[in-house]
Amino acid sequence: MKSTGLILRRLRPLLPVLLLLVVLGAGCGAIAAPQGWAAPVLTSGGVLTTLHKGKLALVDPTSKSTKWEFPSASDKKTKLQGIYSNPAVTDTQVVFGGYNGHVYALNLSDGSQKWEYNTHSSIVGGVVIAGNTVIAGNSDGNVVALDLDKGTPKPGWNIHTGERVWSTPVIDADTVYVTSLDRKVYAYRLADGSHVWTDSSSKGAIAATPEVVNGHIYFGAFDKHLYALDKTSGSQLWQSPPAANWFWAQAVASDSTVYAGSLDGTIYAFSAQDGSVKWSQKLGDSVRGRPALVGGTLVVADRTGRVAGFDPADGTQKWKTELNSTALGDLVLTADKNAVMLVTEGGKDGSRLVQIDPAKGDVTVLATP
Amino acid sequence: MQLIGFVWNQILIGPATNFIIVLDRLLFGSYGLAIIVFTVLLRLATLPLTLRQMNSSKKMSTLQPKLQEIQKKYSDPKRRSEETMKLYKSEGVNPAGCLVPTLIQFPIWIALYQVIRITLGTTPESLIDLSHRLYPWSFLQQAVPLTSHFLWLNLGAPDGTLVLPVLVFVTMWLQQKLTMTQTAMQGNAQTAQTNQMMLWFLPLLFAYFSYSVPSGLALYWVITNIAGITLNYFVFDWHGKHPMEILGLRNFKLKNLNPASMFAPPQRGARSGGRPQPAGANGRVRNGATPRGGREVIEQETPTPVQRNGGTARQRQRNGTSPQRRGQPKAPPVVRPGRQVNQNQTGRLGSDPADGGSDSETRADDGRGA
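Chains as they are written, first to last, in the numbering used here: chain C, 1 to 369; chain Y, 1 to 370.
Rather than coming from a laboratory, the hints here were simulated on the basis of the structure. A portion of the hints provided could be inaccurate.
Said to hold, decoys possible - List time: in silico DMTMM-like cross-link candidates among lysine to aspartate or glutamate, alpha-carbon distance up to 25 Å:
| # | chain 1 | residue 1 | chain 2 | residue 2 |
| --- | --- | --- | --- | --- |
| 1 | C | 282 | Y | 129 |
| 2 | C | 64 | C | 322 |
| 3 | C | 79 | C | 69 |
| 4 | C | 64 | C | 274 |
| 5 | C | 114 | C | 69 |
| 6 | Y | 72 | Y | 91 |
| 7 | C | 318 | C | 362 |
| 8 | C | 79 | C | 149 |
| 9 | C | 53 | Y | 129 |
| 10 | C | 203 | Y | 129 |
| 11 | C | 348 | Y | 129 |
| 12 | C | 203 | C | 163 |
| 13 | C | 348 | C | 322 |
| 14 | C | 184 | Y | 129 |
| 15 | C | 337 | C | 255 |
Please model the complete structure; the sequences and the hints are all you need to start from.
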């Protein structure tokens with residue numbers, strides 16, 4: 001007892017320091033670490049998804065088993081920190097970017113690594129594959145083009161935007177379209193990365209992946225407007241009325257309407273002709289993931305896991321369901337294109353890959369960690 | 001808890017986030033400048049509190065002669081402690097007063113850390129978070145994303161060059177040193193030990209934090225420390241000391257440097273530039289113990305020797321105890337021209353309240369010379 005008292009007395013001067021550590025630790029912990037929100041991707045061997053933070057897995061929805069996971073449990077060196085990047089797949093390969101700034105190419109069959117390339121800044125947007133070229137943007141504002149087989153940079157490509165590229169580059173015909181937080185949209189030739197045009201219409205940063213449909217490019221921005229550009233010239237066609245918060249999610253366009261979710265928790269339907277608002281419906285929290293048009297229903301999910309089906313014509317709500325966990329990433333069509341898939345994380349029901357019936361909103365769990 | 005969260009977010013984080021973005025826009029989109037101006041304004045806002053603490057410290061320094069009297073008068077540690085606390089109470093002084101502003105600033109540091117992380121939007125989640133915190137003014141909305149580069153720094157990432165961590169350490173150490181000069185080293189043993197530990201641990205701790213948190217926060221720490229040092233100059237004139245003296249470098253010699261003594265409790269009467277003492281040599285030696293030097297002391301207050309040669313040049317000048325060999329005559333006290341020799345409340349010559357313990361030093365020298 002005597003020695004305990006002595007130890008306590010000697011430790012007393014350290015109490016303020018310990019208090020400082022506790023308070024700073026508590027305060028610093030309040031800031032969310034990078035979590036990742038990669039959307040599920042259908043492949044011939046199953047569904048690629050991220051049920052564990054910083055790990056990409058190939059799961060079989062039928063048997064609900066995990067075929068492989070990257071990095072594997074035995075790999076202690078690879079730390080992805082989080083996966084925001086939607087993977088791109090070929091018949092034999094999967095390519096994606098980690099928040100650690102590396103682009104990885106894996107064998108689809110067993111998840112073994114083929115190559116990796118360090119872009120030296122975190123990757124948030126998805127990667128895209130065109131022929132033998134992999135294209136990805138990073139947080140330094142660079143857009144890299146890599147050889148699909150070797151992972152080496154393609155000669156001639158030297159693209160640098162003024163800010164973070166947090167969207168997925170989109171390839172349409174022979175052109176690559178890139179949006180950047182520097183408030184600009186860029187078009188480059190796929191063949192050599194040469195510059196075609198730059199649009200500076202937006203007054204806000206752009207984190208949304210552009211939607212290229214019918215010769216138009218649609219994207220939302222942090223200035224709360226949705227924009228339409230001519231894909232050939234980059235000239236602005238229209239600008240929507242402002243939403244109540246930023247647009248981050250990629251829009252979904254049909255022939256006459258463009259649907260876009262906003263961080264104000266509302267789904268907006270804009271006229272593809274002039275950008276006027278056709279209808280809008282408040283869902284709840286931020287809508288960051290891309291909605292999906294399936295079976296005559298527009299399915300939208302907010303960050304808190306609230307999912308709803310709307311009539312695309314007039315915005316009438318058909319159903320609404322709660323996933324009881326955070327909804328990550330975009331809504332993705334299933335293989336038969338009759339339903340949508342979504343990855344969830346945390347909350348009461350935890351991480352899951354779920355399938356949602358667009359007609360009634362019924363939820364089926366496809367995989368769990 | 002919800003109420004605390006609401007108050008924290010709506011009263012502190014929200015306005016601070018928007019205010020710093022307004023500053024960023026007004027300062028040509030330089031987030032680094034915005035942090036600097038924000039810090040200075042914050043220091044100005046908390047100035048009354050800081051001045052109150054400084055005045056409390058000043059008052060504490062005037063108590064030193066009385067404290068020394070208590071130290072001399074009572075040999076029983078318990079009684080000495082009681083009398084010291086009585087004195088503090090009667091004079092309305094809080095001995096841990098110098099720590100209070102630091103403690104009060106903790107929430108501000110944490111809030112600023114959050115504000116920097118939120119405003120820079122280094123992770124996608126934090127940028128989404130920012131979208132919900134920004135006031136709906138296009139002036140603010142269009143400022144996002146903020147430019148994170150300032151000088152050589154990426155304000156959203158730790159400074160890999162180590163320049164900022166070193167600056168945080170140096171400025172914080174100096175600020176602590178200035179704050180403690182007037183009181184800490186002469187307080188009771190417990191307070192003195194705490195302050196001595198804080199003098200080194202806090203700067204080390206914050207230097208370590210600076211190495212691992214966004215450099216924007218480290219920049220805040222550097223600026224707020226510099227502001228504190230500047231304030232100390234205007235309020236205390238750095239206690240009338242030469243900067244090198246405050247740093248303990250007036251008589252600095254590399255060969256005298258003993259890193260082990262950095263965390264040792266301060267010695268009563270020890271002064272900057274003095275030879276470091278082994279930890280635990282607190283001047284009180286019990287019967288049978290053999291202190292360094294080999295002499296046995298029987299249950300008496302033994303002031304810790306500062307230097308075998310009688311302390312620093314300035315101490316020797318004050319005490320008239322210039323280095324001397326046995327048998328050599330003592331040199332007369334030397335008073336530096338242009339420097340006032342204090343006569344404190346007890347009427348002793350040369351015991352500057354800020355110095356303290358010169359009596360002890362003299363006794364130590366005498367003890368050795370005997």
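Against the structure, the hints:
1. C:282 - Y:129: holds, 19 Å
2. C:64 - C:322: Within the cut-off at roughly 22 Å; holds.
3. C:79 - C:69: holds, 13 Å
4. C:64 - C:274: violated, 46 Å
5. C:114 - C:69: holds, 14 Å
6. Y:72 - Y:91: holds, 20 Å
7. C:318 - C:362: Judged against 25 Å, a Cα distance of about 12 Å means the pair holds.
8. C:79 - C:149: holds, 23 Å
9. C:53 - Y:129: holds, 20 Å
10. C:203 - Y:129: holds, 20 Å
11. C:348 - Y:129: holds, 22 Å
12. C:203 - C:163: This hinted pair holds, its Cα atoms lying about 14 Å apart.
13. C:348 - C:322: Measuring from Cα to Cα gives roughly 11 Å; hence the hint holds.
14. C:184 - Y:129: Given pair residue 184 of chain C, residue 129 of chain Y holds - Cα atoms ~23 Å apart, limit 25 Å.
15. C:337 - C:255: holds, 19 Å
Checked against the numbered hints above, the structure breaks only hint 4 and satisfies the rest.
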